Amino acid sequence: CFVCCVVSVVLVCPMQERGALGFERHYHVTDPFIRRLGLEAELQGHSGCVNCLEWNEKGDLLASGSDDQHTIVWDPLHHKKLLSMHTGHTANIFSVKFLPHSGDRILITGAADSKVHVHDLTVKETVHMFGDHTNRVKRIATAPMWPNTFWSAAEDGLIRQYDLRENSKRSEVLIDLTEYCGQLVEAKCLTVNPQDNNYLAVGASGPFVRLYDIRMIHNHRKSMKQSPSAGVHTFCDRQKPLPDGAAQYYVAGHLPVKLPDYNNRLRVLVATYVTFSPDGTELLVNMGGEQVYLFDLTYKQRPYTFLLPKKCHTSGEVQNGKTSTNGVSNGIHLHSNGFRLSEGRAHVSPQVELPPYLERIKQQANEAFACQLWTQAIQLYSKAVQKAPNNAMLYGNRAAAYMKRKWDGDHYDALRDCLKAISLNPCHLKAHFRLARCLFELKYVAEALECLDDFKGKFPEQAHSSACDALDRDINAALFSKSDNAEDKKGGGPIRLRATGRKDSISEDEMVLRERSYDYKFRYCGHCNTTTDIKEANFFGSNAQYIVSGSDDGSFFIWEKETTNLVRVLQGDESIVNCLQPHPSYCFLATSGIDPVVRLWNPRPESETLNGRVVVDMEGASQANQRRMNADPLEVMLLNMGYRITGLTSGGAGGSDDEDSSEGQVQCRPS
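The numbering used here applies: residue 1 is where the sequence shown begins, and numbers increase by one.
By construction, these hints were calculated from the structure, which means they are not laboratory data.
Nothing here was measured: the structure is a model prediction, and the numbers come from that model.
There could be a bad hint or two in this list.
[Claimed, not checked] Cut-off 27 Å, straight-line C-alpha distance, at most; resulting in silico cross-link-like pairs (BS3-like, lysine-lysine):
id	residue 1	residue 2
1	K124	K80
2	K387	K404
3	K404	K383
4	K383	K521
5	K482	K521
6	K383	K300
My request is simple: use the sequences and hints to build the entire structure.
Spelled out as structure tokens, the structure:
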């Protein structure tokens, strides 16, 4: 097989092992390999759904956990089962981890019976059993810097820390989310930064992902030793919040505003998986009920919120990304969690012409747009943006394609693109108008009116266009409706913070942390994550060049990280793919889901005909998944039972917003 060939190449010349290993890890996942990825083998041995997979550090062992309450350790390179043992759990196993520095001898499992068990594989015995959680244990995390320590996340809202040293085999509460989010919050996933093991990321109910500094929490615990609750094993005193800097929150900027609408439609947002990039600078989140998001932990940015535009005085010579002379205009400056059209005058450099090969890509994207192939247009614009990140026209055109496609989150991505286009060219006419439309679609109605008024003042020749008139009518109708409901919302607080009852009431400290949250860098669309709450997304490649995620349609999806373009879809399960764990060194992927098997994937030889597991119509699969995410939960349940629902399999994707045929060319046509 491919992997064995790679291993033999590396071992042929021991004197060159260091250089060969570096070369292998740098190039072990490349685009040609991704396009040849296919099924190598199925590992059979479980009798229930396989809910978790874990490679050891060397990559020569693979552990799996299942609904059958067994764990199996495999030799994946030779497709052999090395060990199978009953874990002592009485319910489904959701997490399995090798304990670092144990010589792959110690394995930890967490399960739906609320228990965490520690196993010695050499004797096939369960050596420790922890029963401190009061609800299902969903994830275990380990860290090389903490060889005798591990952590668990459970649906009782607690993150617990365990110490396996002989003198202190116990667990303590590290983080109690119920103190901040009420009794209904559930912790679903957690992971430790591989480069700095002091940072722990936690995913739970709702759209917010939390990043904690374990050292600061420990120091906080020491400072509270003399408190009345010191006898209780907890790192967080109930009367005092975590110290400043101990927690950072991350959220896709549009989700807090969308949350009430999702709740009304019984659409649940929950982080089902979190993981760090190999270099520890990025955090990847599979958001149940939504998309996959990547957060940059180094260059952080606040969610984009509109802050009252100021009048913009311009020469009028720079529009839509094209420059005839050196125009001057007001600039847009990002500040805190918003932007403001400033009153100062800023110099605008002439727009640099695209090189011929990028101009061809842009023209291809424009043609796809004209044919209403929105996703194809977005991918082509994204490809060009990666090569020409300072071209305002590309961002403006991609924003138009996002607005036409209207999948979940598209209007927010369009807003981000409009802001980028205006920052590069403050006199980009179409970007200004699209910005007003995006704000309206995102329910920032008053801000949309401010932005539209600013647009009319800046571009008076467009003030009475059909597009402006249509948007003006929409905004005023929404404002009228909003004023009728003002009394119902009085005293409710900001929409992103409002709680609905006492059991899920949010503390003041939690409100502050949410208001300080950071926005995402990239968004990946196409999969569906609504049916299970253990669905993973992972980086693929030593340089994290690709993103992989499971899906409710039985497929798994592969995207280019930097362009966010979908490049490969493969059928990985007869029902749902939940787990995807890339090999630490090779272009080798293990997946599992509802089927009682583990599947292994690697690049197939060119002489081998790729099997029927390749999903050729990636666009069709993505559209179907967007419809599925927006379907009524009862319809999805019936679909899973084998019934065909007409409303789920026809019509447009990504929501119920009607297309306004009178928007006009100022918004619709790319430049």
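*Which numbered conditions among the earlier hints are violated in the structure presented, ordered from lowest to highest?*
When the structure is compared with the hints, only number 5 turns out to be violated.
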